[in-house]
Structure formats: C-alpha cells, structure tokens
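Given chain Y, put chain R in place with the hints provided.
If you want the building blocks of each chain, they are given just below.
Number of protein chains: 2
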Amino acid sequence: MTQRPAAPMSLGEFDLIARHFTRPARRNPLGVGDDCALIAPAPGMQLAVSSDMLVEGRHFLSTVAPERLGHKALAVNLSDLAACGAKPLAYTLALALPRADDTFLAGLARGLHALADRHDLDLVGGDTTAGPLNLCLTIFGEVPPGAALLRSGARAGDELWVSHPLGEDEPGWLGDARLALEVFRGTVGLRVPGEAFDRLRLAMECPEPRVALGLALRGVATSAIDVSDGLLGDLQHVLRRSGAQCQPHGQPLGVVIDADTLPRSPLMSTQTEAVQHECLLAGGDDYELLFTAAPADHDRVREAGQRSGTGVRRIGRLTASGGTVVVGRDGQRLATPWASFDHFAA
Amino acid sequence: MTQRPAAPMSLGEFDLIARHFTRPARRNPLGVGDDCALIAPAPGMQLAVSSDMLVEGRHFLSTVAPERLGHKALAVNLSDLAACGAKPLAYTLALALPRADDTFLAGLARGLHALADRHDLDLVGGDTTAGPLNLCLTIFGEVPPGAALLRSGARAGDELWVSHPLGEDEPGWLGDARLALEVFRGTVGLRVPGEAFDRLRLAMECPEPRVALGLALRGVATSAIDVSDGLLGDLQHVLRRSGAQCQPHGQPLGVVIDADTLPRSPLMSTQTEAVQHECLLAGGDDYELLFTAAPADHDRVREAGQRSGTGVRRIGRLTASGGTVVVGRDGQRLATPWASFDHFAA
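Chains as they are written, first to last, in our numbering: chain Y, 1 to 346; chain R, 347 to 692.
Just chain Y, with the same shape it has in the complex (with noise of 0.2 Å):
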C-alpha cells in the first residue's frame, strides 16, 4: 500500500465526466443526480443483481479503444443477466481515473450507451473518483419468482449446449477471444491473416451478450453459466452446484463433450487441433451461454435459439458420475490438463 495519496481531480473534471455520463432514466422512476437512484421492478418480479470490477492490465489492455472498453464492460455484466434469464432494467458504472480525458470519456460513454441503449437499460447512477483506472459496473433485471436459471438445475442425462454466432463471418465465436490475445501475445506458432485478426479482436474486445437467448430459454434450460473463464472451467461450477443438489453424497456430477461439435470459427478451423481444443475449452472471454437441458426439450432448445436469432449446438452430455470426458475425432479421450486449473474451483 502506498502512503501517498490519489493524485486528486480537478473540479472540471468531476464536470466532464458528469456531462458524458448523465442521461434521464427512461425506463426506471429516478436515475443520476439524488443520493440513490430508484428502481421499480415489474410487480412480483425478483430482481437479478450482478457486479463486476475492470482493471487495466488484468481484464483490457491499455491500447484498447475507449468505446470497445465500454461496450466490453457492460457487455460482461449483461452476460451474467443473460445467464439468469433476467431482463435488463438498470445499472450503475463507479469509475476511477488518473485523470479525466475528454477522449477517453466520450469514447467509453459512447460504448456505454450504444450498448445500453440496444438493451433498453438506464445508467441510473454510480461514483466517480480520482485513482487508478478501474471501472465497477453494478446491473439489475428483472425475472420472474422461480424463472432465474440457476448454475444448481442440472440433472444427469441432461445435454449441454453452448451457443454461437449465426454467420460465419459474425465475430464472437468460442475461442476467437482466447486467439486474439494469443496472437496479441505474440504466442508462437500461430498463424492469423492480418485481416482476419481485426474480427478475432473484435470478439476479444466486443463480445455480445447472449441476453435474448437468455430470456428465451427460461421454463427450457435447466442450468446455465456464461463461459468467461474457459468453458470446462465454467462448467465445473454447474457440475459441482448440480451435484450438490441432486446426487446421493453430493458428489459433482459428470459429463462427456464430443470435441468434434464444439462451434467454432473458420479461422478458428485453421489451427492446429491442439490450439483449437485448448482454445474452444478453456478459452475464456468467450460470454456464449453453457447450458444443459432435458434431452425431451431438443426441440424447445432449438426453437429458443431460433427464437432469439443465436445459434445452439448440442456439445455433449451430463452423467451422474466419470468425472469431465472429452472425446476427440478419434474417439479417444482428450487429455484436459485445463479443467483440473484451481482457479475453477467452485
């Protein structure tokens, strides 16, 4: 800890960042300016809260253009509504800087809002101080009592699935992030056409939230988590939150994906089958929904994913025990040294 203090802002500044950042609420009675602002849910509706902190260095780097880094940060918090099956209605962005660039503001306002605005949702309030950078964004939907999809609802026998863009050329697809920053990296071995790479940053840096897919697989999913993490990482909390509900000790439950349907990118199939397992499982940055279904609910998962306009593959299945098995082309078993990471741990 450092003994000297913030570098303080000026009062202009607290002016600026007001002026990028102050809207009227549309949608919810009170939003900036009072000491809290005010949400009204619809009556009987449970409201799905959800807050995730930005830190330079750790969750952007610092060449990122202010507007995908808002977008980014929204999106990410969006993604966790999308994995409740909530509706977004509100949230609230607490923001430190070093010190206000009208630039940097604009731009990260602007990803803000054209995000926010796409999703029907108010920025209702927040804070602002001088410090290093750091964003904090706070998001509220709505769902109805007993509607939340939960990390807990699987049950054995039940697929998995995971969705994907619907083009081929939509960016976001599994494992796209996970690339960019690689090739960012400067990873050897790696190959990506200079072209290519300005859509594999895009899904590194603009992920969309799965949000509509979310709503339409309420009373259809019976789990779901959004894969930021690396999708065997992430599917460890269900498994093991699952287990914990249903099975005789409590033990996790377990599950057997077929490498083969994992959805992926064209660029994505030019990779070497080690970097694309490695990619595809335990990417992260991914915000595609995993989610499990009972397998008499095939075709309800199908219509949602229709429904939505989001594509969904079945990826495998849930057992009640085997632990993670993952089967490659050649039917054998993938060694998966990524799912054993302690940082999975529920």
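Keep in mind the hints are simulated off the structure, nothing from the lab.
Note that CB positions come from ideal geometry on N, CA and C, so glycine has one too.
Any given hint could be a false lead.
[Claimed, not checked] Residues from chain R that face chain Y, not an exhaustive set, calculated with beta carbons under 10 Å:
no. : residue
1   : Ala386
2   : Gly403
3   : His405
Coordinates of chain R only, in the frame set by chain Y:
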C-alpha cells in the same frame, strides 16, 4: 496508463477471499455463488440503489484498521439509503487487491459483517480481482413508491435540520471527522488532547449511518441528503434541485443558517471560532442527515428523532431567494468561502 498487467493473485488467494466473504443470504432468495444474486423487494416496493467506490489515499488512509475500513465502506453506502428513507436489503462488494492478506481480509470482513448484521443486510454478490486497492460497494434498499426522500422536495419557508448523536460522549458529531483529519495532517494551531483524538478518529473512520432516522422521516421531511462533502456544499444540491422544481425561473432556493445552532461536540467547542465554522459548515465525511420540513411539521420531526434515537437540530430556514447566508453569534453574516467551491456544483 501502464502497459504492465496487474500482478495476478494466486488461486489460493481467491479461495481465501471467498472464505471471508461468502455467507448464506438470509433475507434474499439467492446470494453469492451464481451469475447473479436474486433480491425480492416486498410487493409493490421500489428499489433504492447507490454505488460508492473507495480508493486508498483518497477515501481512507493506508493506516486505517481493516475492520474500520470495512465499517466505513458499508456505512457511506447505508448513509445514501438513509438519505432516501430506504430500508436496507442487500449489498454487493467488488474488490481489487494488490495481494490477498489474510489479516487484512479478515478485518475487512469483520467490519462489513458487523455493520451489515446490525442493519439486517445480506452480502449477495460481487467480484474480486488483482489490482490497486479499490472497494466498490453497491447497496439496495426498498421504499414505497412516492415515499423516497429526494433532494428536490424542499420549499421556501421550510425549516432546515441536521442530525447529531444523542450523547455528548458519543462519537460522530458534525465536523469531528474533518477535525480528526486536520489533526492527523498536523495542521498548525489545532489543539486536541491525546485521549480525545481517539474519539475524533472514530468519527472519521466509523461514521454511523442514520438509517433509522431516514425511515422515520418518510412522509415528514420534504427533502434530505447526507453530509459527505461538507454541510454547505451538500446543501447547494438541495437548494438547486428543489429550486429547479418550484421556483418561477428555476433559480436555486436560498437559506439562512444560524451558525450558533449548529450541533457540535464538547471538543469542537474548544476550538477557535474559525476552525469550528470551517469544520461544521465545510467539514465533509460527516454522514449526518441534512433535511428540510415544513414548519407545521416541526413536532413531527422531533418525534421522528426520538423514535429513531437520533438527535435532530433545527439550524435554519429556506428562503425563495438571497443565496446562502450564515449568521454568526454577533448577528453578522459570516464569510463562507467554502459554499462556492466548484466541487459543490450540482
């Protein structure tokens, strides 16, 4: 912006953090551990939301005891609910830490949990990341539609009130937090006996949010704000926002304050008049409620104070015009350079 990534935390460190902060939700349907938490406001209630970000060196000193830091981080958020007249329900905690130190985290959690328990408040979720020390809390309370105390409801003729502790020995009198900070900074000319400093320091580090008073003032006060940036400065928000609602051309309301009536601790009374005035009128970090009520409701305000075990003192009267006037002991108008700080711009 630095190019270097924040030092990553080890996975054991994340576990450590989870251990200190994961407790079952008691009042809310779903707490820590899923993509979202679920909050169920009572039917028909609106949700009051506030978010505050605390940065080391700006909002707290690096020497603060972790338990007190936990208390203060939650107290400043509870104070926002109090100023709205909202009943506390739940909060989220997002935390950036340079490293996970067990003693620090245990203390922080103790301070948070103790104050949360007193207000029947669940920690329902949040986020943890490696990065420069930063705490971002978002708090949720419930309030019946139309009952929230806003900054915009004051009218010319209203009496101006401020809250204070009941006992002379109780910590947390107006201005004491600022006095503590100045003593801490070694500001020349300040004389405070050693044993008295501990009580001053409590005012700065352990503010008592006036939640019960805020609830008791529903339907009684016409406006309210909590004093965090200094009494005169925070008052300007009320005068401007209320004036915009009720004045012919939206000009701010005026106010006449009798400096002699400002509540103060015995220790404050031993300071020079200049120090007293600056600490009382422009101190900051007070977290008392500053509120207005119609003169006809004078006795109802007193009753609200009694019912909530909080001192309330009438300190002035709102006017249709005339700006901010503070009258001193000799009946002369005091100079109040602090009132015009740009920082206080609405």
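Hints versus structure:
no.: 1; hint: Ala386; result: holds (5 Å)
no.: 2; hint: Gly403; result: holds (4 Å)
no.: 3; hint: His405; result: holds (7 Å)
Every hint from the earlier list agrees with this structure, and none is contradicted.
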